[in-house]
Amino acid sequence: MSKILAFVESRDNKIKNAGFETASTAVKLANELGIEAEVLLIGNNLSSAANELAAYGVKKVLLAEDSKLEKYSTTAYSKVAAEAAKQSGADIILLSATAMGKDISPRLSAKLEAGLVADCTEIKAEGGNITATRPVYAGKAYIDVQVTSPVKIFTLRPNVFKPVKAEGINSEIQKLDISLADSDFAVQVKEVVVSNEKLDVTEANIVVSGGRGLKAPENFHLVEDLAKVLGGAAGASRAIVDAGWRPHSEQVGQTGKTVAPSLYIAVGISGAIQHLAGMSSSKCIVAINKDKDAPIFQIADYGIVGDAVEIMPVLTEEFKKVLSN
Amino acid sequence: MKIAVCVSQVPDTTTKVKVGSDGKTIDPAGVTYIINPYDEFAVEAALQLKEKQGGETIVVSVGKDSNKEAIKKAYAMGIEKGILVKSDSEMDSYSVARNLADVLKEVNPDIIFFGKQSIDYDDSQVGSLVAEMLNIPSINVVVSLNVEGNKITCEREIEGGKEVVESSLPAAICAQRGLNNPRYPNLKGIMAAKSKPIEERQPTYTENKTEIIGMSLPKPKPKGKIVGTDVSAVPELVKLLREEAKVI
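Going line by line, the protein sequences match chains A and B. For the first sequence, my numbering assigns the number 44 to the initial residue and increments by one for each residue that follows. For the second sequence, my numbering assigns the number 57 to the initial residue and increments by one for each residue that follows.
FYI, nobody ran anything at the bench for these hints, they're computed from the structure. Cβ coordinates follow ideal geometry from the N, Cα and C atoms, glycine included. Any given hint could turn out to be false.
[As the list claims (entries may be wrong)] With a cut-off of at most 25 Å between alpha-carbon atoms, the simulated DMTMM-like pairs for lysine to aspartate or glutamate come out as follows:
no.	chain 1	residue 1	chain 2	residue 2
1	B	K275	A	D268
2	B	K277	A	E108
3	B	K295	A	D268
4	A	K333	B	E292
5	A	K364	B	E300
[As the list claims (entries may be wrong)] Which chain A residues stay away from chain B? Per the calculated CB distances, all over 10 Å, these:
no.	residue
6	K57
7	A98
8	K111
9	L112
10	A168
11	V203
12	E210
13	S222
14	K233
15	E267
16	Q294
17	T298
Please work from the sequences and hints to get the whole structure.
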């Protein structure tokens, strides 16, 4: 293993949080292996973003800038990433397991004939190789995986690897010269639609989710009200998504989104195994449910056995009171 | 129009995972296997496109003999032809994709549908891998799609929103929940699927690029605290979250 290349995601000329996590992890892993780490930025007008990476110990940034790269393109970004990997001679490539990273990484894997381990929650140098740990079955189990091909690709689950600041580092910025043809933009993003400023459950530090115990769709605001007071996001169980109360984009569970916030409050959710799979790695879990035997209480740190519709308004008021002090 | 859809067979979502005797994969005892839920959205998308534009549909799967059940489910929903690349060995996403790509090169479809991920290994790789191997565009996590002539426009989910993505055919489309409502097969479809032949093939590629060295279960949590049984427990709960758990 000779060099690490970390693709760091940016949108609208700004580096995403997950990007700093990946850059910082690359630096740490490179130190452990005694090799170099370089960061790749793809987009347009990224010089100031590139300068932010020194604070995370990045010594060299490869910059692929082009007005045509302003908007994300699956095919063009994959090509640039593969070219950058070849030019730099990197044989370990890290990306974030975000929508963009998950989109680019398999294409990169095929281009470089490199094994890919997706959505890692741990990555370590061990006995001359790298061992990555990742959840499978939506977190019901974990596997340890090694890559057997010469070039190795890993994507890192967001919010798991903490970025570490470094001091006194200046990063060298090298502009990459990669020629792009129109045919490289076979897939092109035309527009990004932000869902009315609502925080996504996967990005929130606090998630409040509702289920059948809310009794009626018009009671879902009880969940949203508390999420708002706590600065978190509202989620839903599969039962109420299937019933048409909530959109699938809010569903937490094995066929929905996997979340691991600091605080997860399950409101009127019994805790079917497929729901638990999507949220059980949350740091602190609170359950409010009428049924004392509901499986959600098996994994909850704190619980109230009671009617969610009665408890929620009081709970929201109590948080409001406490947080304003 | 030639429409292909790729499916896999996975443990259903109610499965309680136990580590198998090899220490690397799950213990299959007592596990119910189903078609991968995301693949049902892919099958439905293939059928809707055929109903709109005409053409033929084909389902392809790589894996064990039991994957025939997933193909039969696709048949029962209305897919016309099926190919199983049969292999008893564990294949990683790269290897599965290479085998799919080899079959699809020959089938030469205008569009290929995948589920956005299988719910066993949650890799989210195969659709994009196949697309790159066939040198065609791929669009992931698709929640809406519109095909007009040679052009395809999709909405795909990203963190906190959607991207509107445009591409040309042939292309690989990876379906997300919400794209459609998969139809329930009727009795006639289920009966017909039972006797419909499935073409079997040998794998063309068997080398994995990743190796699982161990599987483990998450550590069990210590039993939590029941704070109370009605609204009077609320102040105590908030206090515990602030002072004990320190999450607020």
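A quick look at each hint next to the structure:
1. Taking the CA atoms of K275 (chain B) and D268 (chain A), the gap is near 33 Å; set against the 25 Å cutoff, the hint is violated.
2. For the proposed pair K277 (chain B) and E108 (chain A), the alpha carbon gap of about 48 Å is over 25 Å, so the pair is violated.
3. A hinted pair counts as satisfied when its Cα atoms are at most 25 Å apart, and K295 (chain B) with D268 (chain A) qualifies at roughly 19 Å.
4. Straight-line distance between C-alpha atoms of K333 (chain A) and E292 (chain B) comes to about 18 Å, which keeps the hinted pair within the 25 Å bound.
5. Only pairs whose Cα atoms come within 25 Å are accepted, and K364 (chain A) paired with E300 (chain B) is accepted, the gap being roughly 18 Å.
6. Look at K57 (chain A): its CB is around 14 Å from the nearest CB on chain B, clear of 10 Å, so calling it non-interface holds up.
7. Here A98 (chain A) stays apart from chain B, with its beta-carbon at least about 23 Å from theirs, past the 10 Å limit.
8. For K111 (chain A), the shortest C-beta to C-beta distance to chain B comes to about 15 Å, beyond the 10 Å cut-off, and the non-interface label holds.
9. For L112 (chain A), the condition that its CB be more than 10 Å from all CB atoms of chain B holds, with the nearest at approximately 15 Å.
10. Distance check on A168 (chain A): its Cβ is at least 15 Å (rounded) from any Cβ of chain B, clearing the 10 Å threshold; non-interface status holds.
11. No beta-carbon of chain B is positioned within 10 Å of the beta-carbon of V203 (chain A); the least distance is around 14 Å.
12. Here E210 (chain A) stays apart from chain B, with its beta-carbon at least about 28 Å from theirs, past the 10 Å limit.
13. In this structure S222 (chain A) is separated from chain B by more than 10 Å, as the shortest Cβ-Cβ distance comes to about 18 Å.
14. Distance to chain B contradicts K233 (chain A) as a non-interface residue, since its nearest Cβ pair spans about 5 Å, not more than 10 Å.
15. Distance check on E267 (chain A): its Cβ is at least 16 Å (rounded) from any Cβ of chain B, clearing the 10 Å threshold; non-interface status holds.
16. For Q294 (chain A), the condition that its CB be more than 10 Å from all CB atoms of chain B is violated, with the nearest at approximately 7 Å.
17. Against the 10 Å criterion, T298 (chain A) falls within the reach of chain B, whose nearest CB is about 5 Å from its own CB.
In summary, the structure is inconsistent with hints 1, 2, 14, 16, 17 from the numbered list given earlier, while agreeing with the others.
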